[in-house]
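Trainee: Sequence:
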Amino acid sequence: MTDFKDRERGEEAKFAFDEENAFKIAARRNRLVGEWAAGLMGLTDEETDAYKKAVVQADFEEAGDEDVIRKLLGDLTAAECDVSEADIRTKLEECAVEARRQFMSDGA
Numbered sequence: 001m002t003d004f005k006d007r008e009r010g011e012e013a014k015f016a017f018d019e020e021n022a023f024k025i026a027a028r029r030n031r032l033v034g035e036w037a038a039g040l041m042g043l044t045d046e047e048t049d050a051y052k053k054a055v056v057q058a059d060f061e062e063a064g065d066e067d068v069i070r071k072l073l074g075d076l077t078a079a080e081c082d083v084s085e086a087d088i089r090t091k092l093e094e095c096a097v098e099a100r101r102q103f104m105s106d107g108a
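Under the numbering used here, the residues of the sequence shown are numbered 1 to 108, in order.
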């Protein structure tokens, strides 16, 4: 019975570890896509830092990526940038790959 409990605790720890890493990668992805959008909008370095944080915060509104996509699309449209929802989704995917690569190379 002890082996089963040990294995169960191990699985729970692995799940928590995986969830934490997924959260860190998503936050990094959101900072990267925020930086991309800030560049399109011509924001200053200070504005870019604040905007990246705002994009990360936007991801806490609801599960999934729709909240981030809505924010980016609204902000880019308001800034008269010619970017479609499909462009944003593509960039999110690219940034997710880059965020995972950075996360793995950092050993974080």
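If you are wondering where the hints come from, they were derived from the structure by calculation, not from laboratory data. Ideal placement from N, C-alpha and C gives every residue a C-beta, glycine not left out. Take the hints with a grain of salt, since some may be wrong.
To be verified - The list that follows gives simulated cross-link-like pairs (lysine-lysine, DSSO-like), each with its CA atoms no further than 30 Å apart:
| no. | residue 1 | residue 2 |
| --- | --- | --- |
| 1 | K24 | K14 |
| 2 | K24 | K5 |
| 3 | K24 | K91 |
Stated by the list, open to error - Cβ pair distances, simulated, as ranges:
| no. | residue 1 | residue 2 | range |
| --- | --- | --- | --- |
| 4 | E93 | F60 | 39 to 47 Å |
| 5 | K53 | N21 | 18 to 26 Å |
| 6 | S105 | D6 | 28 to 36 Å |
| 7 | D3 | S84 | 28 to 36 Å |
| 8 | E11 | D45 | 41 to 49 Å |
| 9 | E66 | G10 | 56 to 64 Å |
Trainee: Next, verify each hint and record whether it holds.
Mentor: Hint check results:
With a C-alpha separation of about 15 Å, the suggested pairing of K24 with K14 holds against the 30 Å cut-off. Between K24 and K5 the alpha-carbon distance is near 29 Å, which keeps this suggested pair within the 30 Å criterion. The suggested pairing of K24 with K91 holds, with an alpha-carbon distance near 18 Å, which does not exceed 30 Å. One distance hint, 39 to 47 Å for the beta-carbon pair E93 and F60, is violated here, with the actual separation near 21 Å.
At about 21 Å, the CB distance of K53 to N21 agrees with the hint of 18 to 26 Å. Separation of S105 from D6 is about 32 Å and conforms to the stated range, judged on CB atoms against 28 to 36 Å. In this structure the hint that D3 and S84 lie 28 to 36 Å apart at CB is violated, the actual value being about 54 Å. A beta carbon spacing of about 44 Å between E11 and D45 agrees with the range 41 to 49 Å that was offered as a hint.
About 34 Å separates the C-beta atoms of E66 and G10, a value inconsistent with the hinted range of 56 to 64 Å.
Hint compliance for this structure: hints 4, 7 and 9 are broken, all remaining hints hold.
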